[in-house]
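Novice: One letter stands for each residue in the lines below.
Number of protein chains: 6
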Amino acid sequence: MRRQTFVSRLDDRLRTDDYADVDASANGLQVGRAEGTVERVALAVDAAEATIAEAIERDADCLLVHHGLAWGGFDRLTGLHYDRIEPLVEHDVALYVSHLPLDGHQELGNAAGLADVLGLGSREPFGEYGPEYVGTRGTAEDTYDADDVATLLDKELNTETQVLDFGPNEIEDVGIITGSGVDWVEAAADAGLDALVTGEGKQKAYHEARDRGMNVFLAGHYATETFGVRALGRLAEEWGIETTYIDHPTGI
Amino acid sequence: MRRQTFVSRLDDRLRTDDYADVDASANGLQVGRAEGTVERVALAVDAAEATIAEAIERDADCLLVHHGLAWGGFDRLTGLHYDRIEPLVEHDVALYVSHLPLDGHQELGNAAGLADVLGLGSREPFGEYGPEYVGTRGTAEDTYDADDVATLLDKELNTETQVLDFGPNEIEDVGIITGSGVDWVEAAADAGLDALVTGEGKQKAYHEARDRGMNVFLAGHYATETFGVRALGRLAEEWGIETTYIDHPTGI
Amino acid sequence: MRRQTFVSRLDDRLRTDDYADVDASANGLQVGRAEGTVERVALAVDAAEATIAEAIERDADCLLVHHGLAWGGFDRLTGLHYDRIEPLVEHDVALYVSHLPLDGHQELGNAAGLADVLGLGSREPFGEYGPEYVGTRGTAEDTYDADDVATLLDKELNTETQVLDFGPNEIEDVGIITGSGVDWVEAAADAGLDALVTGEGKQKAYHEARDRGMNVFLAGHYATETFGVRALGRLAEEWGIETTYIDHPTGI
Amino acid sequence: MRRQTFVSRLDDRLRTDDYADVDASANGLQVGRAEGTVERVALAVDAAEATIAEAIERDADCLLVHHGLAWGGFDRLTGLHYDRIEPLVEHDVALYVSHLPLDGHQELGNAAGLADVLGLGSREPFGEYGPEYVGTRGTAEDTYDADDVATLLDKELNTETQVLDFGPNEIEDVGIITGSGVDWVEAAADAGLDALVTGEGKQKAYHEARDRGMNVFLAGHYATETFGVRALGRLAEEWGIETTYIDHPTGI
Amino acid sequence: MRRQTFVSRLDDRLRTDDYADVDASANGLQVGRAEGTVERVALAVDAAEATIAEAIERDADCLLVHHGLAWGGFDRLTGLHYDRIEPLVEHDVALYVSHLPLDGHQELGNAAGLADVLGLGSREPFGEYGPEYVGTRGTAEDTYDADDVATLLDKELNTETQVLDFGPNEIEDVGIITGSGVDWVEAAADAGLDALVTGEGKQKAYHEARDRGMNVFLAGHYATETFGVRALGRLAEEWGIETTYIDHPTGI
Amino acid sequence: MRRQTFVSRLDDRLRTDDYADVDASANGLQVGRAEGTVERVALAVDAAEATIAEAIERDADCLLVHHGLAWGGFDRLTGLHYDRIEPLVEHDVALYVSHLPLDGHQELGNAAGLADVLGLGSREPFGEYGPEYVGTRGTAEDTYDADDVATLLDKELNTETQVLDFGPNEIEDVGIITGSGVDWVEAAADAGLDALVTGEGKQKAYHEARDRGMNVFLAGHYATETFGVRALGRLAEEWGIETTYIDHPTGI
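As given, the protein sequences belong to chains C, F, U, A, S and R, one line each in that order. The numbering used here puts the first residue of the first sequence at 1, with every later residue one more than the last. The numbering used here puts the first residue of the second sequence at 1, with every later residue one more than the last. The numbering used here puts the first residue of the third sequence at 1, with every later residue one more than the last. The numbering used here puts the first residue of the fourth sequence at 1, with every later residue one more than the last. The numbering used here puts the first residue of the fifth sequence at 1, with every later residue one more than the last. The numbering used here puts the first residue of the sixth sequence at 1, with every later residue one more than the last.
It should be emphasised that the hints constitute simulated quantities derived from the structure, not laboratory data. Among the hints, erroneous ones may be present.
Identical copies carry no separate label here, and so any pair may be met within one copy or between two of them.
What the hints assert, rightly or not - Dumping the calculated DMTMM-like pairs for lysine to aspartate or glutamate here, alpha-carbon to alpha-carbon at most 25 Å:
(1) Lys155 to Asp17
(2) Lys204 to Asp247
(3) Lys204 to Asp183
(4) Lys204 to Asp145
Let's have the full structure, built from the sequences with the hints guiding it.
Specialist: Given below as structure tokens:
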């Protein structure tokens, strides 16, 4: 497929432009020429030396990630930036990035994928971020308790979930903001949810969860954010493009 | 001691005013009247319902914390804010806060206290934050390896340290930014340090540490930030004020 | 009535959210818990020690004012802020505030109430403030002269109106911006009005009125702004809530 | 005197440049050519049609005022701006403006002149405004009560002073911010003053004065601000320039 | 025609208000009273001493220009500003300005007029500028080569066109941004155009044109911007107003 | 020489850091690793495909330019940016940039070099740009007329100078701002200079020069800006580094 076609299709599907003003990440084609073709896409959560090297190793011509290299642009191309960009340039591997558009996508996104794992129905967007959303909420078929949720997450995401079980014993209505989502503890409480599932912790989350009586599940940043790029991989496969998923957990 | 005297002495010693433009935290006296006296100070890392209740329980007339309630001020006094402020007002407990001034203090601060634990000499300020610093660097007497550091931290801080051991095997020059300090991985590398010791992790820290070849120790936000308030407690004792430390680990 | 219901009804009726970006005042519930009930509302123009004390004296559980305590939020809760908030917290009196939403409301608002006093018909919003309005204009049934207007205002508002009678002798079309509205002298002239009625004066108003040939009536800030809260009081009475108006003129 | 010399001397003496970043007023030569001479200066508090016409009538070649025409510049020259500028241009009358530099000048300024009237000694700058001051404080030789102050102001300034006598009965330490200075009520209280003398009132001043226990004297904007331009007039006379003071009270 | 009518008609036709947020030029009536009449309009590209003097010489009561005097307003009226405004005021000549609204107007604008010269059909707006456009694109009936375009421009615009002929030999699709339009070289390339015609050059245009393979014609700022005001002159003639075009080329 | 040493020496000499807040250009090492050595430096005015290709052709390991690639950083690395950066990365050529620091350097800078050509003595910094300067002024030994200056510039800079000879016939005091310096016409007049020499023209320069009576020489952007990089080349030669100047005039 022509590279330009590939990029346009993804941008359309993910509504990349709608997130341009609220996301520090330069989403869409972030590094590379618009010309050329895409035959083989490597998928990864993070763009970094290890995943870039592996993408080259696997002979990909495009690396599609959730966390790219440019956050608020590049001041200059030196140090860490240069080290990461050099192999992309030398092997002509394009870098396609989708950060918040992929967090918020209600079908292909990270939260949507995690909601599947938890078997949530009656879904709606959750997690306002300016005029957009970056997560999903839904209702469990049967009531969980906190241990159920943690056990399920540990097993399905291959992670060790930290539980702040300050909320109700019976968990039905769950909000999901993958990655770094603890800033939405109050929003979850205001929305009447029983639990918030997210990735990495921050100190203030503990007392906010405790004081607002909310169950918060910290299942790991990496572990909660593999769904989106893998869903995009399945989409690319449908378009006739070969894909390969590079699993590189960070333990964070 | 008159409350006003107590507040002024702390503000002078911690250079509260110098951090006014760079810290979102409203440092100094954050809640309460300037009038009255201070007889008994409770010390805690976080101001929240649990620690406030405990301070009242222990009959304190002032609660001195690292993490206060106002970050960029209070929009209004409702929800979580109201719940936390109400008991302070009802029991006339003043809230004194010192966030970045306490992180950066080279003698009384969190990083300084942690540097004592690691036995670092030849210390200098580390971690530029606008015109100020928020951490400390120093040199170990004997060379550590990564396991040594982790073991020492686990024991002395009663924590479980996560190690990103991508740096040199022999660790001598160590930078410390307690709490949420992973944004200084590159600065640590540029400064030629062998390791960065900090509190809580962020996803991007993993690959930055890996790509810049830096040892990063994530010893926990709470665990790394008890030093400052306890040092202020010792100071207050010297001034003839009774103190009591409220230990409430968050596991984060 | 549940406190939350009371707050929501007022916010809806006054379109509180629509003014959020243009008003420095934190409108809506400004201090207090959302939980609990509202049985007895005290109404006042200003929230300050005297009116708060009187509201407690009259056993109100909610104080509803035009001028609240938070303008651009509270940096911290000390000094004047603490002195005013303490009695609210100690007696669990909620503070509900409506500043510009109440100025601009074309039915319940301050300008609307003053337009009733002046017997104005054919009313329209007046006084653009960003995308909203903060006043009202209308046409008198019979032509006034400047003395008529001043006499009427003095009598009905129990005030001493200062007159800048630089406009036409015959006054028919009148703009009203209560409180501090002299910044709209030019707008009144551009709109072809014969007079502007407002509250307190500013030095520059004199020459603007003189040079643009406009009649300006300075009837006092307090005196022109009792209408809105009293109209909300009547509304609350309709909802079955007891109300009491605290009259505390400032002479300004 | 050459116009350029006149302008430079005033700018130097008043430190016009130091106020450039904090004052919305375009201070210094605001309208007119730098070329030409100054033989006869008209002095007035406000630049407006009446004072400009009078300056022309009195054959002045320069009008020196406290309140000029440009506040944050002129968007365009139409309406009120055009009407005021036209006669200046047609009669080649230069407009020199000194707003905050004249308020804050500790010798020639408005507050300094008013401090003379009140017989204050031990003077210091008062009223921080960014890095500058806009007023003066001092100590009365003999103690005043509130009536004394009001009577003195009424007589010497030919005004009707409104008194908010919420402060101590004995008034010794007085802060002065002429014109619109009620925003400094809290600063006056924090500085331990017994009274604040200023010009025009604002609604919020009443309750701030009441709640902080401060005597506030509202002696009128115009009445408190004639001192500065008259002092500059005396200075100009010393330089051999004829001057004429245009008295045009606004009653505000 | 009443001056107010003249101004309103032009503002409506040119959509002056729509450009208010994106244009530093104060468009519409920039200097003068709204009152009075317009009998005789002088048209010029620039408002400056020479064209203002000539307008007065030709007895115009309004000068209509593309480049006015106020860019981001006037800080004060001194120096160059005073020298230019003085004759306008003394002879009561109104100044009407239309900068970007006239660049972007698809019928009366500068680019539209230049597109007529080049015989372009299938026109569409070109040159995004915030939410508006400042140029036009179209397709030539017959294919040009670079020399053809330059020769045509030189002859019709009485100029000396500088050619950066880095684009295709056959030129069909042409973008036009008059005046200072070299910032749109990349946009022209992205839009698949064969050439960009603009006015004055900037250093960076050379290499951008070279590296993106774009033909760029620098036909002069003045030479490309006479169309708009002349079109407005024809419009004014239709309204029964006398007009006179002041030709004052700058050679830039 | 080690690359890091080379970069540090230039940064020190040019005071790169002092211009960081005022220059949109990312000065200093803009693209490339800090590691490695510098043996052979190519010098050019502009970084673009042609000069980069030529630097590679001449086997340089560093390209030192006045106009770099990053202005306000890179949003992303695509299009023109990618095309220019790719060859730098593939051939490991570092890009060192010095924009305003080189314009303003009073010894090595562009204006300084041009002042040598004009034989100016009694030099001082000219052209305020925030807290820094971007040009030079000086006095000619013998008086020039406008033709003398133009002839000299044409010959020495191999250019065609456009002259706006609206200033005095005898030219002694000359200001120089190379490149795009016409914004300083008024500053030149205020400073009492007889002429301003700069590079490229802008439409507004014509009338500003005419109305302020200033001689302005437009000698071309490229032609006036070769001095700085060539001076840096001589410096590098002194440090034992081979250099080669890539001459690529733009005609602008």
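Novice: As a check of your reading, is Lys204 near Asp183 (CA-CA no more than 25 Å) within one copy, between copies, both or neither?
Specialist: Classified as both; 9 Å inside a copy, 18 Å across copies.
Novice: Please work out whether the CA atoms of Lys155 and Asp17 approach to 25 Å or closer within one copy, between two copies, in both situations, or in neither?
Specialist: neither (36 Å within a copy, 44 Å between copies)
Novice: First find the shortest C-alpha distance between Lys204 and Asp145 inside one copy, then the shortest across copies, and answer within, between, both or neither for a cut-off of 25 Å.
Specialist: within (24 Å within a copy, 32 Å between copies)
Novice: Is it within a copy, between copies, both, or neither that the alpha carbon of Lys204 lies no farther than 25 Å from that of Asp247?
Specialist: between (30 Å within a copy, 16 Å between copies)
Hint 1 from the earlier list is the only one contradicted by this structure; the remaining hints agree with it.
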